[in-house]
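Undergrad: These are the residues of each chain, in order.
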Amino acid sequence: MKKFIPLFLVLVMAIALFAGCDGGTTTGQTTTGQTTTKSGETTTEGTTTDAPREKVTIEAFMVGDDWVDEWPAFKAKFESEYDWIEVIEVGTGPEAGFLQSRIAANDIPDIVSVDNTEVSYQALDAGLIQDLSDKEVTKNIPQAYLDAFTRDGKIFGLTQGAAFTCLYVNMAALKEAGWDAPPADFEELLAVCQDLKDKTAYAPLTVAGDKTTTAWMVYEGIIANEVSPDWGAGVYEEKFLAGEINFTEHTAATEKFNKIAPFFMPGSATNKEDDVTALMTDGAAAMAIAGNWTAKGLVEGITEAAGSEEDVAVILVPFNDPGEQVWISISPETAWGLSAVDEDDNIEEAREIYFNWIMQPENFKFVQNARGTVPVLTTLTEDQIVLPEPIKAVVPAMNDAPFVLMGFNLWTEVFRDAACTAIRDVISGNMTAENAVKVMSDTLATSNRSEG
Amino acid sequence: MEKAIHKKPKHTRFERNRLLTGILFLVPSTIICFLFVVLPVLNVIKYSFNEWPGIDTVPMKFVGFDNYAAVPKTQGFGEMIVSTITFALGVTILTVLVSFIVAMALDKRDKGRINRNLMRSMWFFPCLLGHAVVGILWRIMYHYSNGVINKTIVQLGGKPVNWLETRVLTNFSIIVPTVWVLMGMTIVIFLAGLQSIPTELYEASTIDGANKSQVRRFITIPMMAPSITINVLTTSIAAFKMYELPWFISLGLPGYSTRLLTQRIYFFGFENTGQMGIGAALSMILILTITLISLLQFVFLRKREDIF
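Residue numbers (the working numbering), protein chains in the order written: chain A, 1 to 452; chain B, 1 to 308.
For the record, the hints were derived by calculation from the structure and aren't laboratory data. The reader is advised that the hints may include incorrect statements.
[Claimed, not checked] List of simulated lysine-lysine pairs, BS3-like, C-alpha gap at most 27 Å:
#, chain 1, residue 1, chain 2, residue 2
1, A, LYS55, A, LYS75
2, A, LYS199, B, LYS151
3, B, LYS241, A, LYS272
Here the structure is a predicted model, which is why all the values come from computation and not from measurement.
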C-alpha cells in the first residue's frame, strides 16, 4: 500500500504540470459587441448581447503613479458598463523591467504602456503590439502625436498627452527673498537661488532625482539651451541618436551645471516625485524642476504652502542665457498600445472594447484630469478638462518655445543608467560636472541607438 | 556428487520494493528541482555564452567568453564589486553578532522578565515583511527633510544627516535595515541552539566555580558552534542574493557605491539593455561566488566546530 502513495503523488504532479499547459483558453460565446461610429467617435457597446457572456479577464499595464488614485473608479466604470470583462492591473507602472520580462516570454499584457524606448520597439518588432493605423480612435489624436509613435509605418501607441519640463515656483518664498517675479534666465535663476539661500529658510531648488526622466531634465535643459540656438531644431536629437555629442566640449554648459548643483536641496538626488510634492507642500523648498504631469499635486501643494494659488508660478525652466529664447524639452507622454498576442476570441474582443473605451473623452478625462497635463485627445471638450490655472498660463509659452526631445526618446538604457547616476552625483555633491559630462560622453560614444 | 550451490539473491523482494518506494518518493522533488533549478541554471550558462537581447523571436549568437570579458568593462564594475562585498560582509557579521546577543537576552531563564514570547515575536516580526516594503519604509525614515530619523536628530538639537547621498554612510544605511530583516530567523536558530544546551553543563560549571563570562566562553559559545555555522552560511548567502531592499533605499547611489551584483544582473538582463548575455555572465559570477564562499565557510566553520 505504501508504495502507491508516491505513485499517486507523481501522478498528481504530472497531471498538475500538464494542466498548466493548456494555454489558458476561455470557452464560451463569441458574440461580437456593436460598434457604432458617429462624428469621429467610436463607441463599442458590449452589453447589448442577449445571452449573458462568459466572464473574461484582461490585463492592463497602464496605470502610472500620477493617476493611480483614479484607477479604482476608472476600472469600476468600465466594469459596470461591460460586466463580462474584468480588467486587472499588472506591473508597477510603466517600468521597462516588467515589460522586458514579459517580452522574453513572448507575451505582453492586453493593454500596454509604450514609449519611444528600445523595449517598446522590441515588442513591436517581435509582433507583440498591434499596428493601430486602422483604429477609429486614431482620428482623435493630432497627427504629430501619431507620428511620434510610428515606427516602420506602424502606429504602436496612442499618447496620453504632451509632456514638458517646468519650474514650479513658490512666489511667497521668492518675495521673501526680494523677488517679485520668477527668474527669466539662467543668471537670474542663480541670483534667486543665492538670495533664497541667504535670506530665507527655504532650500532654493529640488527635483525628483529618483526618476531618470526628471534627473536628466537638470542637465538636459542646460545642454539644450547651450547647443540648440547654434545647431537649430532637430540637430541635437540626430547627434544624440548617433552618439556624436561630446558633452565635454560644451564647457559653458558644464560650468552652468557646476553653478546650479549646490543649490539643490540635500536629498534631491534620491527624491521621488511624491517627495517633491511633499517638500513643496511643506514649504521646505522654493522651486522644483518637474514635469507638467505632476502639475496638479505640485500646484495644490505650493498653494497650501504659500496660502494662495496666486503665489504659484509655473514657468519654462530658465536655463537660457540673458536675451536668448528658452529651449525646453518635451515629449509625447507614455502611450497605450494594444497586444497582438493570439488569445481566445473573447479576450481579443474584450481588449479591443477596452482600448476603444479608454480613448473616449468621458473616460479619458479620468486620466487627463488626475495628471493635469496638456490634452492631446481632440474630442475632449472644454468642460471635461480641468487644468490647474498656473499650468494653463504656461501652455502658450510652451507651444511657442523651441524644443528638444526628452532623453528617454533618445537614449539607450546603458546611457540612461550611467548619465543619470552621474547627474545625481553632481546634484548631491559627490561628483563634479566635469567628471559627469566625461562619463556621459564616453558612454554615449559606445552606447547609442545607432549602434543597434 | 556435486553440491548444489544456492546463491542468495542480491536484493530481496522486500528490499527491491523499498528501493522502488524510495525512488518514487524522490521523483516529485527531482522533477521540481530539475524544472526550476537545474534547467534555469543550464539556460543561464547557455545565455552567458551568447549575445541575445532576451526575446524569443531573436536568435542567439554564440560569442564564447566575450560576455565574461565585457563584464569588468561595464560602468561602475569596480565600485559594484566593493559594494557587494562590503554589504555581504557587513550584513553577515552584524546579523550574526547582534542576533546572538539578542538570543542570549531572550533566552534568560530568570523569572520576572517581561513576556518572553512577546519579545521573541517582536524580534521575529520584521522577517515577515516583504523586502520591498521594508526598503520603502526605511527610505522614508532616512529622508533628509521628512524622515523620522533626521527629525529626531533635529529635535535633539543636531543637524540633519544625508543618509542616502553620502559615500560610506549610505553603505551603512542599507546594511542596517537588511540586518533588521534577517535577524528574526537567525535569532530563532540561535534560540533553538541555546535551548538545546543541557542545563547540567551549566550546573556543573557553576559547581566548579566558573563565573558568567567563563560559562559563556567555555560552554555556551562552543555548544552554539553548529548554530553559528548555519547562521553564517544562510545569512551570507541571503546577503549576496539581496536585491530589492537596498535598491529601494539607495538606488545604488552615490555613484555605484551601493550597487549590488544582483542589481546589475537585473539591469543587464531585464532593463532592456539588449545584453542578456552580460546579465547571465554576472549571474554565473554570483553563483560561483556564493558556492565558493559557502564551501570555504563550511570547511572553516566545521573545523571550528571540531575544535570546540
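Undergrad: Next, verify each hint and record whether it holds.
TA: Results of checking the hints against the structure:
Only pairs whose Cα atoms come within 27 Å are accepted, and LYS55/A paired with LYS75/A is accepted, the gap being roughly 15 Å. This hinted pair checks out: LYS199/A and LYS151/B have alpha carbons roughly 23 Å apart, not beyond 27 Å. For the hint pairing LYS241/B with LYS272/A, the CA-to-CA distance comes to about 26 Å; that is within 27 Å, so the pair holds.
The earlier numbered hints are all upheld by this structure, with none contradicted.
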